[in-house]
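What follows is each chain in one-letter form.
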Amino acid sequence: MTDIFAWIEQTPFSIWLREDLYAFFVVLIFHSLGMAFLVGGGMVICLRVAGLASGARLEKFRGFFPVMWIGLVMAVCSGVLLLWSYPAKALTNPVFALKFILLISAGVMMGVIAKRLFPLAERGEALPGWARWAGIGTFVLWAAGVTAGKFLPYTHHVLMVS
Amino acid sequence: MQPDHLIDVFAIEKFGIDTGIFGFMNSKWGWPTAESIHFIGLNMLMAAVGMFDLRMMGVAKGIRMSALHRLVPFGVVGWLMCVGTGFLFFVSAPGQYLYNPAWQTKMALMAVAGCNMALFYATTANAVHTVGPDDLPPTRARLIGFVSLACWLGVIICGRLITFFRPPYHWCVWC
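Sequences listed follow chains A and B, in order. Just so you know, the first sequence maps onto residues 1 to 162 in the numbering used here. Just so you know, the second sequence maps onto residues 1001 to 1175 in the numbering used here.
Fair warning: there could be bad hints in the mix.
Sample of chain B residues facing chain A (criterion: CB under 7 Å; computed from the structure) [claimed, not checked]:
| id | residue |
| --- | --- |
| 1 | F1015 |
| 2 | E1035 |
| 3 | F1039 |
| 4 | G1050 |
| 5 | G1062 |
| 6 | A1067 |
| 7 | L1071 |
| 8 | V1072 |
| 9 | V1131 |
| 10 | R1142 |
| 11 | G1154 |
Have a look at the derived ranges for each label pair, beta carbon to beta carbon [unchecked claim]:
| id | chain 1 | residue 1 | chain 2 | residue 2 | range |
| --- | --- | --- | --- | --- | --- |
| 12 | B | F1164 | A | K115 | 36 to 42 Å |
| 13 | A | V140 | B | G1020 | 38 to 44 Å |
| 14 | A | W130 | B | Y1121 | 25 to 31 Å |
| 15 | A | L91 | B | Y1121 | 45 to 51 Å |
| 16 | B | V1059 | A | P119 | 29 to 35 Å |
| 17 | B | M1107 | A | R132 | 45 to 51 Å |
| 18 | B | G1062 | A | G137 | 35 to 41 Å |
| 19 | B | V1131 | A | E19 | 50 to 56 Å |
I should point out that these hints are in silico values taken from the structure, not numbers from a laboratory. Model, not experiment: these values are computed from the prediction. Note that the Cβ used here is the ideal one computed from N, Cα and C, for glycine as well.
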């Protein structure tokens, strides 16, 4: 794998992403904004599922899904570019895998909430007992995913380019 | 560094060292722990305040705004997490922040967001709370929501700029 990482890091595009005055931090800005929309939208839905703001109809919170989709596209596209800049640094770090596991788990839980809980709320039926814990647990997954992301620059042990 | 006659940077640094903040922040996990709390707080702010701003702008119709507004205290908790950890960053390296135009812009945007919030509660909150779940709020509310969201997104952008250019003289027009 090291050869592949080294090849990617020596492509002109990867070098440009790292060495251009603006490229890397513009990509990072898009990643931060994308994560803010994705996690912010996810967290507000989790809070409602956990039982807060009970006066607001739960199923209407699906109106925040487009915001989350926009955030996801921004975060993934910029994330791919960040990965292209430093593949060895990221892909040899277990915390990077942890970040993905946490965020994908949060995304799966959002799908469960949308498929299982929103239809119940739409029909005016009571939510099952596990709903509150699903909201709290998913909120924790989002927060833990953000934490793993912030620890990435401090936990890498392989750096083949500066 | 030339002495600053307005703010005693060395006194702030001494405060950081004497209180142990500098030592904690420069320990192995001090800075990333504070950064994580800072970003979780920022996301909580986006969840409660940013999504309320979007709702005021017409997104997610069907959610009663008076009910959604009940989440705002949660956003305030997020903001306090940001302020608390921001204080730790600042005290640990005041020179890196005070003279950094990205940090100055970030503080200015937070001040604008604060004034915008005061304007909302003084002039628009009551009208927004009486709007039906499927109705579009008044134009003034949509404008306030837009300014608030733009300010907080600007805060995120400036936060990123702080770490990349210390100081970013080549884009700063007032440095």
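Structure-based check of all given hints:
1. Nearest Cβ of chain A to the Cβ of B:F1015: about 25 Å, over the 7 Å cut. The hint is violated.
2. This hint holds: B:E1035 has a C-beta 5 Å from the nearest C-beta of chain A, less than the 7 Å allowed.
3. Hint on B:F1039 holds. Least Cβ distance to chain A is approximately 5 Å, under the 7 Å limit.
4. For B:G1050, the interface hint holds, the least distance from its beta-carbon to any beta-carbon of chain A being 5 Å, beneath 7 Å.
5. Contact between B:G1062 and chain A, as hinted, is supported at the beta carbon level, the nearest pair being about 3 Å apart and thus within 7 Å.
6. A hinted interface residue such as B:A1067 counts as satisfied when its beta carbon comes closer than 7 Å to some beta carbon of chain A; here the least separation is about 3 Å, so the hint holds.
7. Of the supplied interface hints, the one on B:L1071 holds, with its beta-carbon coming within about 5 Å of a beta-carbon of chain A, less than 7 Å.
8. Hint status for B:V1072: violated, given a least beta-carbon distance of 10 Å to chain A, over 7 Å.
9. Violation of the interface hint for B:V1131 is found here, the shortest Cβ-Cβ separation to chain A being roughly 13 Å, above the 7 Å cut-off.
10. Because the closest C-beta pair between B:R1142 and chain A is about 16 Å apart, greater than 7 Å, the hint is violated.
11. At a threshold of 7 Å, the smallest CB-CB gap from B:G1154 to chain A is about 10 Å, leaving the interface hint violated.
12. Separation of B:F1164 from A:K115 is about 41 Å and conforms to the stated range, judged on CB atoms against 36 to 42 Å.
13. For the pair A:V140 and B:G1020, the supplied restraint of 38 to 44 Å is violated, since their beta-carbon distance comes to about 29 Å.
14. Our hint of 25 to 31 Å for A:W130 and B:Y1121 is violated, since their Cβ atoms are close to 37 Å apart.
15. The hinted range of 45 to 51 Å is satisfied by A:L91 and B:Y1121, whose Cβ atoms lie roughly 48 Å apart.
16. A beta carbon spacing of about 22 Å between B:V1059 and A:P119 contradicts the range 29 to 35 Å that was offered as a hint.
17. Checked against the hint of 45 to 51 Å, the pair B:M1107 and A:R132 fails, with Cβ atoms roughly 38 Å apart.
18. For the pair B:G1062 and A:G137, the beta carbons lie near 26 Å from each other, so the given range of 35 to 41 Å is not met.
19. Checked against the given bound of 50 to 56 Å, the beta carbons of B:V1131 and A:E19, roughly 51 Å apart, stay inside it.
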